[in-house]
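S.K.: Here is what each chain is made of, one letter per residue.
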Amino acid sequence: MSKSVIQMEVNGRSVSLEVEPDEMLVDVLRERMGLTGTKVGCREGECGVCSVILNGKLVPSCLIPAMKADGGKILTVEGLEKDGELHPLQKEFLNKAAIQCGFCTPGMLLSAKALLDENPEPTLNEIKIGISGVLCRCTGYRKIIQAIESAAKSVRS
Amino acid sequence: MKGEKRKVILKEKKVEIPLAKEELEVVGKQVIRKDGYEKVTGRLKFGADFDKAGFLHGKVLRSPHAHALIKKVDVEKAKALPGVVAILTAEDVPGRNGFGAIIPDQPVICGEKVRFIGDGVALVAAESEEAAIEALKLIDVEYEPLSAVFSPVEAMKPGAPKVHENGNLLTTVRIRKGDTEKGFQEAEVIVEQTYSLPFVEHAYMEPDVAMAIPHEDGTITVKGPMQAPFTVRRNIAPVLHIPISKVQCVQTHLGGGFGGKEDSSIDIGVRAALLAWKTKRPVRMEYEREEVTLSTAKRHPMIIQCKVGAKRDGTLTALEGTIYNEQGAYASLGPIIPPAGGTHAHAVIMLPGPYVIPHVKVDGYLVYTNHPYGGAMRGFGAPQVNFVHESIIDELAEALQMNPYDLRMKNCFELGSVTATGQVLDQSIALKETMRSAADQFEWFKRWRPPPSKEEVEKVEKRRGVGMAIGWYRTSIGTFSDGCGANVYVHEDGSVILHTGITEMGQGSHTVLAQIAAEELGVRIEDVRIVVPDTDIVPEAGPTVGSRSTTLMGNAIIMASQAVKASILEAASEILGVPAERLVARNRLIFDRDDQTRGVEFKEAARRALATGKRMMGQGWWAPPRPSFDVETGQGYPYFVYTYNTQMAEVEVDTKTGHVEVIKVVACFDIGRAINPILVEGQIEGGIMMGLGYAMMEEVLLKEGKVQNLNFQDYMIPTAMDAPEIVPMILEDPNRYGPFGAKGIGEMPNIPTAPAIINAVANAVGVRIRDLPAHSEKVFHAMRGRRG
Numbered sequence: 001m002s003k004s005v006i007q008m009e010v011n012g013r014s015v016s017l018e019v020e021p022d023e024m025l026v027d028v029l030r031e032r033m034g035l036t037g038t039k040v041g042c043r044e045g046e047c048g049v050c051s052v053i054l055n056g057k058l059v060p061s062c063l064i065p066a067m068k069a070d071g072g073k074i075l076t077v078e079g080l081e082k083d084g085e086l087h088p089l090q091k092e093f094l095n096k097a098a099i100q101c102g103f104c105t106p107g108m109l110l111s112a113k114a115l116l117d118e119n120p121e122p123t124l125n126e127i128k129i130g131i132s133g134v135l136c137r138c139t140g141y142r143k144i145i146q147a148i149e150s151a152a153k154s155v156r157s
Numbered sequence: 001m002k003g004e005k006r007k008v009i010l011k012e013k014k015v016e017i018p019l020a021k022e023e024l025e026v027v028g029k030q031v032i033r034k035d036g037y038e039k040v041t042g043r044l045k046f047g048a049d050f051d052k053a054g055f056l057h058g059k060v061l062r063s064p065h066a067h068a069l070i071k072k073v074d075v076e077k078a079k080a081l082p083g084v085v086a087i088l089t090a091e092d093v094p095g096r097n098g099f100g101a102i103i104p105d106q107p108v109i110c111g112e113k114v115r116f117i118g119d120g121v122a123l124v125a126a127e128s129e130e131a132a133i134e135a136l137k138l139i140d141v142e143y144e145p146l147s148a149v150f151s152p153v154e155a156m157k158p159g160a161p162k163v164h165e166n167g168n169l170l171t172t173v174r175i176r177k178g179d180t181e182k183g184f185q186e187a188e189v190i191v192e193q194t195y196s197l198p199f200v201e202h203a204y205m206e207p208d209v210a211m212a213i214p215h216e217d218g219t220i221t222v223k224g225p226m227q228a229p230f231t232v233r234r235n236i237a238p239v240l241h242i243p244i245s246k247v248q249c250v251q252t253h254l255g256g257g258f259g260g261k262e263d264s265s266i267d268i269g270v271r272a273a274l275l276a277w278k279t280k281r282p283v284r285m286e287y288e289r290e291e292v293t294l295s296t297a298k299r300h301p302m303i304i305q306c307k308v309g310a311k312r313d314g315t316l317t318a319l320e321g322t323i324y325n326e327q328g329a330y331a332s333l334g335p336i337i338p339p340a341g342g343t344h345a346h347a348v349i350m351l352p353g354p355y356v357i358p359h360v361k362v363d364g365y366l367v368y369t370n371h372p373y374g375g376a377m378r379g380f381g382a383p384q385v386n387f388v389h390e391s392i393i394d395e396l397a398e399a400l401q402m403n404p405y406d407l408r409m410k411n412c413f414e415l416g417s418v419t420a421t422g423q424v425l426d427q428s429i430a431l432k433e434t435m436r437s438a439a440d441q442f443e444w445f446k447r448w449r450p451p452p453s454k455e456e457v458e459k460v461e462k463r464r465g466v467g468m469a470i471g472w473y474r475t476s477i478g479t480f481s482d483g484c485g486a487n488v489y490v491h492e493d494g495s496v497i498l499h500t501g502i503t504e505m506g507q508g509s510h511t512v513l514a515q516i517a518a519e520e521l522g523v524r525i526e527d528v529r530i531v532v533p534d535t536d537i538v539p540e541a542g543p544t545v546g547s548r549s550t551t552l553m554g555n556a557i558i559m560a561s562q563a564v565k566a567s568i569l570e571a572a573s574e575i576l577g578v579p580a581e582r583l584v585a586r587n588r589l590i591f592d593r594d595d596q597t598r599g600v601e602f603k604e605a606a607r608r609a610l611a612t613g614k615r616m617m618g619q620g621w622w623a624p625p626r627p628s629f630d631v632e633t634g635q636g637y638p639y640f641v642y643t644y645n646t647q648m649a650e651v652e653v654d655t656k657t658g659h660v661e662v663i664k665v666v667a668c669f670d671i672g673r674a675i676n677p678i679l680v681e682g683q684i685e686g687g688i689m690m691g692l693g694y695a696m697m698e699e700v701l702l703k704e705g706k707v708q709n710l711n712f713q714d715y716m717i718p719t720a721m722d723a724p725e726i727v728p729m730i731l732e733d734p735n736r737y738g739p740f741g742a743k744g745i746g747e748m749p750n751i752p753t754a755p756a757i758i759n760a761v762a763n764a765v766g767v768r769i770r771d772l773p774a775h776s777e778k779v780f781h782a783m784r785g786r787r788g
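As you go down the protein sequences, you meet chains P and Z in turn. The first sequence: position 34 = 34 (my numbering), numbered continuously. The second sequence: position 696 = 696 (my numbering), numbered continuously.
One or more hints might be untrue.
[As the list claims (entries may be wrong)] Residues from chain Z shown here face chain P by an in silico Cβ test under 8 Å; the list is partial: (1) 42; (2) 46; (3) 48; (4) 53; (5) 54; (6) 55; (7) 256; (8) 288; (9) 291; (10) 294; (11) 679; (12) 688; (13) 711; (14) 713; (15) 723; (16) 773.
[Claimed, not checked] A few chain P residues facing chain Z, derived, Cβ under 10 Å: (17) 39; (18) 42; (19) 49; (20) 81; (21) 83; (22) 99; (23) 132; (24) 139.
No lab work stands behind these hints, which were simulated from the structure alone. Nothing here was measured: the structure is a model prediction, and the numbers come from that model. For each residue, glycine too, the CB sits at the ideal point set by N, CA and C.
Bound-form chain Z, shown alone:
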């Protein structure tokens, strides 16, 4: 492929991108992350590290009831407490009393009723944190408890308590492809099972914080760890009843987000802004760990019935599924953003897996309950349904007495395959190659054995087993509003400023995006500075979600870079007397591609460009090809490109205790092009570890609507002791629409890990766990059940 160029249509502009890695100076290199030095020295300021002087302390009074009417809120005693500056109740909200990433159905302050334990019923601002905490105790709220509903299946029944006025069924999404009745008639083997997935917590290490500063000109600034500053701004303005142009949201580096800080930063940001607006003073709010777990979004729990049929030779004929997706008290990121945005539509679209199945029928119900709410969490509905399709494919393989690898290879996507939504996969699809590479590395065919009999399991104390799972994940969010912009400024000394609203939350986006700008401009990575995302300065970028940052923003940055580079090349052309079309910019030099001895320094050309009045900035805006999706039939092209992945796991199960140790995970990805391979590996390893937690230990425990495990003493996440050997592998089948061929990587690694591990457990000891997590006790009881 060396030297090959391909034309790429980025909106209206045609761009030439070198495909050969050898030609690239910055992209594809293991550049040290730009924020690394500040992070290893402790210099980098997170939200909680900014000076608190001059700020009031804000607190939220939270409902102890899962579902209750608010009869009366008496704030008089609390108001009289020295140091208290304001106590706000629902009637103090100047504008819309609601927020939410999609539908503003969550009250900033509940007025009529509360819908989950943790709902906000009053806000306090005080001179000291102690006074604010004391004031919370003095607010007297009279509740009239209502019957509550804690399961999506119960909530769908007639007569169930209504969480919201319009009923509990929030959204229904279906897929109708072919005729499943016919498909199951053609099947020779059918497997049908029900699986369930729990609420899990993002457990980002940095608790939420927000600082709101009102200004005399009627504007307001809100700072904090926002995963999506534009979404926060969009929510603050209507609550304060002011135009969006008067709200400035400034991101502080996120101490982890994983989708969680898309929601939580709205919650805390809107409330801090309201307190600042009413008191006319700067207000700082910080949620303690317990408060984060109690009140912010989690991964949606789901109950999923699935049925799959195949011919004797393993050819899939039909799949049916019903998803009961528990939304909890508020809509968050559950419902549809047209045409295919939102967690629920994504879960439905992903349920049939990366398989060619002629007949598919899926019904997905998104249902309100009186639990905390489900939102975005790494994988956005996909980890749940991937667990289902990858478990049931293994169960089918067992029924067919086939190697599960062979069953997958026979049916999975390849170039030209048609998905359950009718989408033709016409480019950048190396799923089968990821299977082959992972299998070679893992030595799958040497190590896989059919599951053991009961007697074989009982013979030994520890048994090893292997399992695999495959997956696909979108790049982009499937909405019409998926565009993003970038500005690139070149200065007369050759240094560059990049304006992007994509946030840095640890994934390394600001390093990768700077690499893209540097490569395109022909400067070094250290020449590019990315400003902190500030909605007053940077163009709209959409949210930092959906594994979209590198690809979508990367394209916008290429366009912006090219626009300003044109000036620099024009100036260089004037200096060198060589036509601009013949000039190449690389590593701070601009030279004649036909005579590489003729060149000029980038900074010299930049100086001349400014001195001769040329344009010193470039703007870029990129949106993916327009998505399509019909929620009644599930047909359409919801996302423009997908990342593909195979994971293989080896486990050791203690047959006496049920304890499972994950020994090794091999994971191979087709990501189009790795802009920074070591950062890609970081995403892979971290995602797998989070998937291991999902498989083995993580679950938000709820009792009558109340979270039982609020802190890390009870809510377990993997420690270094749980870390298996991980072998990350990267394949690159370039994406026609991606910068340098890239596609997304942030979420994919988190998706097939849990089923790969659970399939390995089944392979080791012959028991199948269909409800996560598979903690020791559950595996122990499953083995005992099999014995008894």
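Chain P with its partners taken away, still in its complex shape:
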């Protein structure tokens, strides 16, 4: 296989890029587009810190060949803030101290966003399931769960 040109909409902006067949979405975002908010932790799809939303679904961007994202709509952490206004999830992560080192935070925010988009009133267990694909070694998850609970309320109201 050879290089090919792909079209994507990333955080509302359309881009066209020539990519290698073995180039992963995470590397295109980080290295080619400078969107370093998306992190790399394991390159195995196990830690979830590279999670982004592709066509409405949460995906580990380290396992998605960039070519597969052709024609896709992507949301990364950089796209959560709108017109200088933080997303309710971002606000609640701050208020509830759901951030420590911050390395999983982008993946965690996007997994929470994907969850709330699909299920605006998740139960505690649904929140746990929703974010279970992203590992956090710092927080013990409790404050992250609380932040998502409060953000869900503010999104609904």
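Assemble the complex: chain P is given as a structure, and chain Z must be docked to it using the hints.
M.R.: Relative to the frame of chain P, chain Z by itself:
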């Protein structure tokens, strides 16, 4: 306590600190963390996020042998590969070919032999990562394998393969207090058991990275996620054979550290620096997850024999313990830093637990093997020995048919107690209060029942049980070199810059330290900016370890703040015509405490201070009271203050599968003073979760010296699905030596969780797991063994 002040002696200076919370503006408040906005927006740059343009890519060729002589390293083919700029072997190291946090016994590049699978035998720098990876494959190394040793007990036997020339026994530390023979004669019940703890991985989410940039003036800059930039600098200089003053280490925000990046940042930093030095070009190195797990430090595994005796009424009479502490291939943070620094001494000191025991004898052996090495990991030797004393106290309670709470309450430390090292605990000790508060919250006396019989267990599919554990943990590192400095600069607009070498790794140190500066100066938290720790700029701070940052650096910051505040108050005094002694600075205002209508803005006073030539900077340096410890007798005052903690856990065990679910953990801490309560809670919850992983699932599996579970597919850490309900509780018994009364919190929460859970499992199904982790299969077999 409202309005009460107490004099505190901070080195030579006397400082007045308000004890009443009501008087504080910034300290004790749930301030939003200073780096929060950058972190939720993805703007904060971690080490791997910096532009790679212009950097060569560095890689390490790693040994596939656990123990082997290096006969020949042929680099010719690799050198010829297009894009390869340098291949370095041992003879290319210009200075000392060794690094290490305490003893430089780990070769930067192995020359004569390799001592574990993952040891570095050559370094590569290439124009592209692909070329660097390809070059690794073309380096031809001829090894002569040697017999290897993989257990500390085996390694201590005569004739065992020698990992290092001077033999495998690295350090012995003992405690001798009273006469244990007599103590066991006085005992009416004796319990003796052996426990074992595995290697576990820090599993910080951010893999290691380093960027080294050589400069034309003969200096070099190294950037990366360093937990202890000064330790990295101290190692780079002798390897390059240049003075420390020519090495600049700049910290990037850590994506988690937990002790691991104290070691790993030396490893990767020294190697990147060497490649940059030799190629005269910027070099970037990044360890992949597998490489991090394979080659960097882990929590020390230990095998511990313990024997404890008590009177019928539960009064402890004696404790004996032998610790076989596996160091692995290199010394890392294992050995002694005089008098009581290093993981091993700390483990020995902590083994008798927070109990008054008249007769104590502990022998601790720290032993090299051909495994990866043990280093610092949250708790620094304490999680291992806490598991032992808290397990055996429960086993003793069972033998005495006592409630384990009562047995602990009867024997644990209180004000005036004397430890096994002979230290009198004369202040800030609310251990018993943490037990009482946790028990009330948890409803311990309502929920605790004696362990069930076999028949009772078999009757139901799921059984719940409760367990508890208590613990203590030092603030400070027990070395003579535990000092730290801070500089505070006030500007003419009232804004402040704080120079501190304490690193931010997620724990929130830069928020807490800014709160301390703001409180002391009388400005707002947003007025204080902390610069990135850069060894060219900030004063020596020692490492960000030992739960020392808030307390030790906090004191240095108070001293620095007071020094510069004197100028500002002097200027305010000139403006207001009020003596400086009567002035109080609070929330950007300076006013006369006798007539609060007379005041001036902080920034106005600052402007005048500069305009009239007053000193606009303050420096502070603080070291704890001098520690003492004798490694032969274990007597002394190794650490100046301790944090205390009680944890209570409820579990549900599936009697058919052995699966354990942790339902709830209540954890109460005496931390002196919470500078930022919500960040303290974060430390508590995260530490407990890490302790839950230690109890239930985490273990670096080794087979003939090779790590079997290199990535998160096989190395399990807790996910949100494992998260129990956690109730964090904070008690404040002020520390005489702490800023606003604070003591450390970073490590304590990680310590008693595992034994609390394991005691709850024993309480639920009547089987006791003495070797962690207690995964389902192990619990299942233990229950089956009991049945059969």
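S.K.: Please verify that hint: residue 713(Z), Cβ, nearest Cβ of chain P, below 8 Å or not.
M.R.: The hint holds - residue 713(Z) has a Cβ within 8 Å of chain P, the shortest such distance being about 5 Å.
S.K.: When the nearest CB of chain Z is found for residue 39(P), is that gap smaller than 10 Å?
M.R.: holds (7 Å)
S.K.: Go through the hint on residue 53(Z) and say holds or violated, using the shortest Cβ distance to chain P against 8 Å.
M.R.: Interface hint status for residue 53(Z): violated (10 Å vs cutoff 8 Å).
S.K.: Could you check if residue 42(Z) really has its C-beta closer than 8 Å to a C-beta on chain P?
M.R.: holds (2 Å)
S.K.: Does residue 294(Z) pass the interface check with chain P, least Cβ-Cβ distance below 8 Å?
M.R.: Check failed: Cβ of residue 294(Z) comes no nearer than 14 Å to chain P, outside 8 Å.
S.K.: Classify the hint on residue 49(P) as holds or violated, based on whether any CB of chain Z lies nearer than 10 Å to its CB.
M.R.: At about 6 Å, which falls below the 10 Å cut-off, the nearest Cβ of chain Z leaves the hint on residue 49(P) intact, so it holds.
S.K.: Going by Cβ atoms only, is residue 711(Z) closer than 8 Å to chain P?
M.R.: Since the shortest Cβ distance to chain P is 5 Å, the answer is holds.
S.K.: Please verify that hint: residue 55(Z), Cβ, nearest Cβ of chain P, below 8 Å or not.
M.R.: violated (13 Å)
S.K.: Taking the closest Cβ pair, is residue 99(P) under 10 Å from chain Z?
M.R.: holds (5 Å)
S.K.: Holds or violated: is there a CB of chain P closer than 8 Å to the CB of residue 54(Z)?
M.R.: Where the cut-off is 8 Å and the nearest Cβ of chain P is about 14 Å from residue 54(Z), the hint is violated.
S.K.: Quick one, is the residue 288(Z) hint okay against chain P at 8 Å, beta carbons?
M.R.: holds (7 Å)
S.K.: Can the hint on residue 42(P) be confirmed by a CB-to-CB distance to chain Z that is less than 10 Å?
M.R.: holds (5 Å)
Checked against the numbered hints given earlier, the structure breaks hints 4, 5, 6, 9, 10, 16 and 21 and satisfies all the rest.
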